[in-house]
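There are 2 protein chains.
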Amino acid sequence: MAEPWHSCIDNELASCERLMEESLSFENAELTEMCRYVVMSGGKRLRPSFCILSYHACGGKDSAVPVSIGSAFEIVHSATLIHDDINDQGEIRRGRKTLHKQYSLTKAIVAGDCMFTVGFRLLSGVASQIVDYIAEASGAMGAGEFIQKDYEHASSVTEEDYMEIISGKTAKLFKACAMSGAYVAGGDEKDVSALGQFAYEVGLAFQIVDDVLDVTGDPGNMGKAVGTDLLEGKPTLPVIYAMQDPQYGGEIRSLFEEPEVSHEHVRRALELISKTDSIPRCFGKAKRLAEGAMSSIDRLEDSVYKTALKDLAAYVVCRDR
Amino acid sequence: MAEPWHSCIDNELASCERLMEESLSFENAELTEMCRYVVMSGGKRLRPSFCILSYHACGGKDSAVPVSIGSAFEIVHSATLIHDDINDQGEIRRGRKTLHKQYSLTKAIVAGDCMFTVGFRLLSGVASQIVDYIAEASGAMGAGEFIQKDYEHASSVTEEDYMEIISGKTAKLFKACAMSGAYVAGGDEKDVSALGQFAYEVGLAFQIVDDVLDVTGDPGNMGKAVGTDLLEGKPTLPVIYAMQDPQYGGEIRSLFEEPEVSHEHVRRALELISKTDSIPRCFGKAKRLAEGAMSSIDRLEDSVYKTALKDLAAYVVCRDR
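As given, the protein sequences belong to chains A and B, one line each in that order. Just so you know, we're using the numbering used here here: the first sequence kicks off at 1 and counts up by one. Just so you know, we're using the numbering used here here: the second sequence kicks off at 1 and counts up by one.
Just so you know, these hints were derived from the structure itself, not from any lab. Treat the hints loosely; a few may be bogus.
Below, in silico cross-link-like pairs of lysine-lysine (PhoX-like), each with a Cα-Cα straight-line distance of 20 Å or less [as the list claims (entries may be wrong)]:
#1 A:101 to B:149
#2 A:149 to B:101
#3 A:97 to A:44
#4 B:285 to B:275
#5 B:97 to B:44
#6 A:275 to A:285
Based on the provided sequences and hints, a complete structural model is requested.
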């Protein structure tokens with residue numbers, strides 16, 4: 001790839017940045033500052049990208065529509081990140097303090113709520129079908145978090161449980177983004193559903209790679225500490241596969257079940273995981289999902305946007321942060 | 001009043017109960033259970049009432065519309081209650097455990113987020129003007145919480161600060177409810193704005209009485225402990241007025257500034273407040289606000305709904321829970 005996958009929508013992505021900043025404006029200056037602190041801190045903008053690319057891939061011509069929807073999805077996603085960081089007691093995100101650490105827990109919860117409202121406000125006036133998509137994704141996100149919580153430190157967690165967790169936590173919102181873009185472009189039902197399936201599978205692959213990077217990533221590059229999932233006892237695929245290892249699985253299971261995890265435990269678990277075949281198995285699974293995703297949009301007419309979607313799927317698997 | 005203020009909309013309020021229960025339905029059974037635990041636990045349904053009464057007072061005929069909007073407002077309000085209880089470390093609401101105590105903090109934050117989505121979904125398809133109203137109220141609610149937080153245990157808080165806090169925290173959402181009902185009924189601009197002003201002032205009065213009841217209420221009747229605002233160092237009007245007392249003000253100020261409040265401190269503060277003129281002053285202020293509210297809807301045509309709105313304003317001031 002000579003050019004990055006997003007070059008054909010760089011203008012639209014820049015419009016998203018402007019619209020998000022503009023929309024996150026409240027009478028209360030601190031509230032504005034907090035919301036912008038989270039949303040304007042970088043991030044890969046995958047959700048707007050899915051929406052905008054799907055829109056154009058279905059022949060849509062008016063960029064303003066998917067820019068609004070994509071910005072709304074990104075803002076809602078950012079709101080959930082604030083609340084996730086509170087729940088996970090996360091301290092660093094994207095290379096700086098999480099919102100509740102930088103300000104306070106109370107204000108961070110409230111700021112997250114305000115961001116939900118801003119997101120939905122951006123969606124209002126667009127087709128009500130979109131709100132159904134996002135509402136379905138939201139219920140699934142909640143369910144994903146619930147199951148993840150129930151399996152904390154539980155070595156009985158299976159690959160199927162994990163797939164259910166990341167389906168809700170990540171993939172269904174990706175799906176909603178793509179379907180929304182395709183729907184408002186007037187895409188036919190089969191194209192809308194193909195793009196939804198594409199984004200869903202890329203979402204699963206994305207989350208697997210995210211969880212791998214938590215085990216193998218370079219802290220300088222990641223903008224956060226490595227091993228935080230382990231520290232929190234989160235059931236992730238690298239851990240699940242590693243627990244199946246005939247030689248090291250037993251010790252990894254014991255470490256994962258430990259309710260009071262020390263940094264020494266994490267260091268030891270990371271070392272053991274790297275001795276198993278877990279990481280290559282995870283990448284293999286992510287790669288197969290991304291390939292399956294690509295084939296699900298074969299039915300779409302060829303365009304730079306369709307190519308960009310496929311490049312995006314490839315990027316998700318090979319990224320290092 | 002022979003009949004309660006809501007008797008002319010009892011059917012619509014029953015429809016709200018059904019719609020809220022039906023809407024709070026997720027694939028994840030525990031998530032459904034949690035959301036219903038909060039929303040279906042009683043509550044006075046003032047927000048749907050403002051919406052439905054304002055709708056009819058402006059001549060609206062199709063009850064389904066304000067029932068949807070009113071239910072949406074009540075669900076969004078309930079979501080903020082979950083997050084408030086987390087922020088205030090509240091343990092009891094409406095006579096039973098708060099959600100995060102009954103389940104867990106993580107799941108309670110997530111359930112609140114899902115409820116926001118359900119609320120906005122109910123609003124989608126209705127006029128986008130409504131979403132603007134609720135978005136404005138939401139920003140104000142956030143700002144109200146922020147200022148309240150900043151003045152915790154701060155005896156420098158003034159009556160003006162307090163009015164700004166409760167304007168955001170409570171009154172602006174009341175205003176949005178009434179304006180939404182009036183707007184979708186096709187009310188003319190002046191009626192919409194008169195009903196907004198009415199609900200805003202009733203909202204201020206409501207919150208003042210709420211804060212008084214935290215000082216004087218009967219715990220059995222209130223469904224929660226008395227003195228919790230004092231325990232949390234929340235700046236409320238009964239405390240602000242009491243701090244102005246020439247004889248007892250000094251000691252009340254010291255108690256309010258105490259960062260680590262004991263139950264003994266609270267007991268002493270309640271005793272001192274009752275010796276000042278604070279409570280009658282608060283009631284006087286609430287009553288004047290309610291009377292001002294009533295006069296702001298004089299311009300509306302007479303109807304049972306207009307009468308019910310005035311009865312509602314009177315109820316807010318004289319209620320004991």
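Hints versus structure:
{"no.": "1", "hint": "A:101 to B:149", "result": "holds (16 Å)"}
{"no.": "2", "hint": "A:149 to B:101", "result": "holds (16 Å)"}
{"no.": "3", "hint": "A:97 to A:44", "result": "holds (18 Å)"}
{"no.": "4", "hint": "B:285 to B:275", "result": "holds (18 Å)"}
{"no.": "5", "hint": "B:97 to B:44", "result": "holds (18 Å)"}
{"no.": "6", "hint": "A:275 to A:285", "result": "holds (18 Å)"}
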